[in-house]
Amino acid sequence: MSDAALKHVLGQPWRKPKFVKSDWLRRFIYVGAITYFIAALTTIEVDWVRVYEGLDRGKQFVLAFTNPDFGSRASDIWDGLVESIVMTVSASVVGVIISIPIGLGAARNIAPLPVYLVCRAIVAISRALQEIIVAILLVAIFGFGPLAGFLTLSFATIGFLSKLLAEDIEAMDKTQAEAIKASGARWIQWINYGVQPQVMPRLIGLSIYRVDINFRESAILGLVGAGGIGATLNTAFDRYEYDTAAAILLLIILIVMSLEYISGLVRSRVQ
Amino acid sequence: MPQYQQNGMAIWRKRTTGQSMLRWIGWLIGVAIFIACWQKISETTTWFFVWDSPRIADDIWSRATPPRWEYISQLGRPIWDTLNIATMGTLLALCMAVPIAFLAARNTTPSSILVRPFALLVIVSTRSINSLIWALLLIAIIGPGVFAGIMAIAIRSIGFCAKLLYEAIEEIDPNQVEAINATGASRLQVMVYGIVPQILPAFAGIAVFRWDINIRESTVLGLVGAGGIGLQLSASLNVLAWPQVSLILIVILVAVVISEWISAKVRGAII
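Protein chains in written order, with our numbering: chain A, 1015 to 1285; chain B, 35 to 305.
To be clear, the hints were calculated from the coordinates, so they are not data collected in a lab. Take the hints with a grain of salt, since some may be wrong.
Claimed, not checked - Calculated cross-link-like contacts (lysine-lysine; reagent style DSS-like; alpha-carbon spacing at most 27 Å): (1) B:Lys48 / A:Lys1195; (2) B:Lys299 / A:Lys1035; (3) B:Lys48 / A:Lys1188.
With the rest of the complex left out, here is chain A (with noise of 0.2 Å):
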């Protein structure tokens, strides 16, 4: 039997169905990437030298995480951290308390449109501004230290609460913060009965989770001036000293295993 006539008692065998199905599509794409492939490694460039001489201190860092040094520099690295802690705390406060009018001006089932176009926008700027971008603006206008730094993360922490909330709130059950309406509850009321019990084990997660995030953040804004651990660690990498750096490094690691942990504990107990 000809090769013809078997595939025409048998039938086409099985074939792995493609990802992307579009056929012209798939092409595009390989082709696409190719190109670009090829663009971008023709054009990065690496000094393989110098990255050949720079293994030996890696491995002196490799090195120095088995052996970190928390002593000599152990004062400079409390102050640090303590301001970092300070910093989240503060910042995350403030932050969820400014978070909430915003976030409920934002969800359009509550809030008429004016008001939600001002909160949305409010949102949209401070998501769309990074960190450590604010953070060089506020230490131009605020000076140096952690007050910048405090405001950087409020203003984060606004954006990121804000949208997450306003989300929720649009996802509510309408029919419980109805019944509220119905009882004839004035605005405050509706929002306190009908619309807050809804939401709240989500924005107690939420917050707790920004607590976490928050700390991540506050320690790289030392490195424009904005206070912190930052500092510390930018120090210690500008003199070479591997096993200080790595015994911030490590602290830092340990704080948000721990912070991550708690903020698990407290979400898995709320929702």
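Given chain A, put chain B in place with the hints provided.
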């Protein structure tokens, strides 16, 4: 049910006396911590600069507007570098994140006592440290430039991608894997035909999502010397060329908005 007596009538309350006492004390401690934090920030702030800030802000604004539009001709290369840092960083990160995710997922890990904790450790430690800090570290080791930026983005993204991916792997439907197993497939074949098709949409979504975040992060990596448009930003800031700074900020904002739009479109098409 908590209640109290008044004129011989039992009146319902939400909490017992003990509970409301506890809550009150909790709030007291919380407020005290916040005030202590605020005090700490206030101590280290030069309030003269803060009172003077409206004038400074006004001054900066008047210097920064209008942006120096013709400067954009010098931004082509930095933007291309930024794009490369983000894309190459994401690709490298995905290459490393996939094996780590398979090692970390409970249902695919070769050994949940020996290998899984190690994979989780890699995920946590790369995730807790910001890409700017990774960049700082890599610049100290392998020297400034685009390559350090790519590596910083790559390392930072491993944890993020691997975490989301291993959660996706843990949620797969075991029946499909079993069906492939029942045909007598080898371990590799089970992976390719049973597991990979199930996690491919999640994988593509994670990749695009992380790419979007990486575009954001790579725009500021230059502040510490890791290439991209941030280099121009820090150079302009150092010479107080505010019209150039405002132009760069506009470019960064546009880049962030475009990347977010692309990622939303692609994720919308996948899901």
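Problem set entry | Numbered hints the structure breaks, given as an ascending list | Going through the list in order, the structure violates no hint and respects every one.
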